[in-house]
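2 protein chains.
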Amino acid sequence: MKFYTYYRSQAAFRVRIAMNLKGIAHEDTYLHLEKGDQFDPGYKAVNPQMVVPTLIDGDTKLFQSLAILEYLEEKYPNPPLLPKDAASRAWCRGFALINIADSHPLIVPRIRHYILDDLRLGQDRLNAWIGRWIGAGLAAMEALLAEHKESGRFCHGDQPTFADIGLVTQVTPARNFNADLVPYQRVMQVYDTVMAIPAFADAAPAKQPDFEP
Amino acid sequence: MKFYTYYRSQAAFRVRIAMNLKGIAHEDTYLHLEKGDQFDPGYKAVNPQMVVPTLIDGDTKLFQSLAILEYLEEKYPNPPLLPKDAASRAWCRGFALINIADSHPLIVPRIRHYILDDLRLGQDRLNAWIGRWIGAGLAAMEALLAEHKESGRFCHGDQPTFADIGLVTQVTPARNFNADLVPYQRVMQVYDTVMAIPAFADAAPAKQPDFEP
Numbered sequence: 183m184k185f186y187t188y189y190r191s192q193a194a195f196r197v198r199i200a201m202n203l204k205g206i207a208h209e210d211t212y213l214h215l216e217k218g219d220q221f222d223p224g225y226k227a228v229n230p231q232m233v234v235p236t237l238i239d240g241d242t243k244l245f246q247s248l249a250i251l252e253y254l255e256e257k258y259p260n261p262p263l264l265p266k267d268a269a270s271r272a273w274c275r276g277f278a279l280i281n282i283a284d285s286h287p288l289i290v291p292r293i294r295h296y297i298l299d300d301l302r303l304g305q306d307r308l309n310a311w312i313g314r315w316i317g318a319g320l321a322a323m324e325a326l327l328a329e330h331k332e333s334g335r336f337c338h339g340d341q342p343t344f345a346d347i348g349l350v351t352q353v354t355p356a357r358n359f360n361a362d363l364v365p366y367q368r369v370m371q372v373y374d375t376v377m378a379i380p381a382f383a384d385a386a387p388a389k390q391p392d393f394e395p
Numbered sequence: 183m184k185f186y187t188y189y190r191s192q193a194a195f196r197v198r199i200a201m202n203l204k205g206i207a208h209e210d211t212y213l214h215l216e217k218g219d220q221f222d223p224g225y226k227a228v229n230p231q232m233v234v235p236t237l238i239d240g241d242t243k244l245f246q247s248l249a250i251l252e253y254l255e256e257k258y259p260n261p262p263l264l265p266k267d268a269a270s271r272a273w274c275r276g277f278a279l280i281n282i283a284d285s286h287p288l289i290v291p292r293i294r295h296y297i298l299d300d301l302r303l304g305q306d307r308l309n310a311w312i313g314r315w316i317g318a319g320l321a322a323m324e325a326l327l328a329e330h331k332e333s334g335r336f337c338h339g340d341q342p343t344f345a346d347i348g349l350v351t352q353v354t355p356a357r358n359f360n361a362d363l364v365p366y367q368r369v370m371q372v373y374d375t376v377m378a379i380p381a382f383a384d385a386a387p388a389k390q391p392d393f394e395p
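Residue numbers (this note's numbering), protein chains in the order written: chain S, 183 to 395; chain Y, 183 to 395.
Take these hints with a grain of salt, some might be off.
Each pair may be met inside one copy or between any two copies, as identical chains are not told apart.
What the hints assert, rightly or not - Here are the simulated lysine-lysine pairs, DSS-like style, with alpha carbons at most 27 Å apart:
| no. | residue 1 | residue 2 |
| --- | --- | --- |
| 1 | K184 | K389 |
| 2 | K266 | K331 |
| 3 | K331 | K184 |
| 4 | K266 | K184 |
| 5 | K204 | K217 |
| 6 | K331 | K243 |
| 7 | K389 | K204 |
| 8 | K257 | K331 |
| 9 | K226 | K331 |
| 10 | K266 | K204 |
| 11 | K266 | K389 |
| 12 | K217 | K257 |
| 13 | K217 | K266 |
| 14 | K243 | K184 |
| 15 | K217 | K331 |
| 16 | K184 | K204 |
Keep in mind that the hints were calculated from the coordinates and are not lab data.
Please model the entire structure based on the sequences and the hints provided.
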């Protein structure tokens, strides 16, 4: 598959984890989001939203990380990244969506740039913004893990699911922006468990060829 | 099913559309988000994220609107709200996620309140914020409809899917906040088509018992 990616993108990170777990080979094209590669007309023709990731599987062009995860789960079902029963699947998807649809959209580059360059609020208020919304998501995840009977080493059951992928892409930016992670012990236990798995560890931003220290 | 909702919530609106299309009966509990009902400890025990909607199906507690749509699709498959083939399913999910995971999280009440009450940026800059991010999502949707061969009266194919639900909850707040919709003719054609369907129309905020003019 052909994969348009940027090392720092948490959305691309999610898809890398799923491809690694399922053993899917991919040829990467690197876009530098801070330099604006995503606004190149050539890439706009690939992805009208001008965001990463985009995944091309034969004639199929895939966009939006969660839609890509669902596609990979349907076409490459082994190993499964969702449980079998509908209620557990909903829990795993709902947990992942706290990252994908609540916290993460608030801290992506376009929002950080708008806050700094258009609203000119300064780095301190940007940091407070990031800390507030990352923290709200982490608190919700911690509460869900505490009440969910099937949580333990993983978010749900005894193997990785979409929920663990969403947990990782919640914690990674929290660390990048120096959020306090001490209150989220259950979250951090799962994070340490899954990041010890090569499929997760090898997908990390710092392991990508386009990584910049 | 038991449904915790607020008339103005676009996330609750999505779930109402799906329940109406599938003919699922529900008993509603109304939370007034502007008055802070969602922060009541009783509701926090139901939904640790303190957001709507929550849907209770027997012993199963469901949260996050897209996870709820997927659950309803799996347990109550008729009529289907996703096409059959994996590529088309991914397109419909990806399209819906432009609303669910990119635009909408930026304009929910907690963000509007933070911009007005914490950052004290004023109504004009809040309106510019809302217009910018709603517009970016509408432009992406318009471009996707233009290039997608199976778009027409509906976003995909000849019946409603998750994509149409995401389109509706993109246009409705755009109207509420007086965004310019003229550039998005394809989007608006689909909007007019689906809002003529009772399952969509009856789910609209203004039709809910807790609606406030």
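Hints and how they fare:
1. In this assembly of identical chains, the alpha carbons of K184 and K389 lie at most 27 Å apart only when taken from the same copy (19 Å versus 46 Å across copies).
2. Only within a single protomer do K266 and K331 lie at most 27 Å apart by alpha-carbon distance; the minimum there is 16 Å, versus 33 Å between protomers.
3. Within a single copy, K331 and K184 get their C-alpha atoms only as close as 39 Å, which misses the 27 Å cut-off; across copies the closest is 22 Å, which meets it.
4. For the homomeric pair K266 and K184, the shortest alpha-carbon distance between copies (24 Å) is at most 27 Å, but the shortest distance inside one copy (29 Å) is not.
5. For a Cα distance limit of 27 Å, the shortest separation of K204 from K217 qualifies neither inside one copy, at 32 Å, nor across copies, at 46 Å.
6. Only between protomers do K331 and K243 lie at most 27 Å apart by alpha-carbon distance; the minimum there is 13 Å, versus 38 Å within a single protomer.
7. In this homomeric assembly, K389 and K204 come within 27 Å of each other (Cα to Cα) only inside a single copy, at 18 Å, whereas the closest approach across copies is 45 Å.
8. In the homo-oligomer, the alpha carbons of K257 and K331 lie at most 27 Å apart only across protomers (22 Å), although the nearest pairing inside one protomer, at 30 Å, exceeds that limit.
9. Taking the shortest alpha-carbon separations for K226 and K331, only the inter-copy value of 18 Å comes in at or below 27 Å, while the best intra-copy value is 44 Å.
10. For a Cα distance limit of 27 Å, the shortest separation of K266 from K204 qualifies both inside one copy, at 17 Å, and across copies, at 22 Å.
11. Proximity of K266 and K389 under a CA criterion of 27 Å is satisfied in neither setting, with 32 Å inside one chain copy and 37 Å between copies.
12. In this assembly of identical chains, the alpha carbons of K217 and K257 never lie at most 27 Å apart, being 34 Å within a copy and 45 Å across copies at closest.
13. Proximity of K217 to K266 under the C-alpha cut-off of 27 Å is found in neither arrangement, the shortest distances being 42 Å within a copy and 39 Å between copies.
14. When the C-alpha separation of K243 and K184 is checked against a cutoff of 27 Å, the pair qualifies only within one copy, where the shortest distance is 9 Å, while the shortest distance between copies is 38 Å.
15. For a Cα distance limit of 27 Å, the shortest separation of K217 from K331 qualifies neither inside one copy, at 45 Å, nor across copies, at 32 Å.
16. In this homomeric assembly, K184 and K204 come within 27 Å of each other (Cα to Cα) only inside a single copy, at 16 Å, whereas the closest approach across copies is 37 Å.
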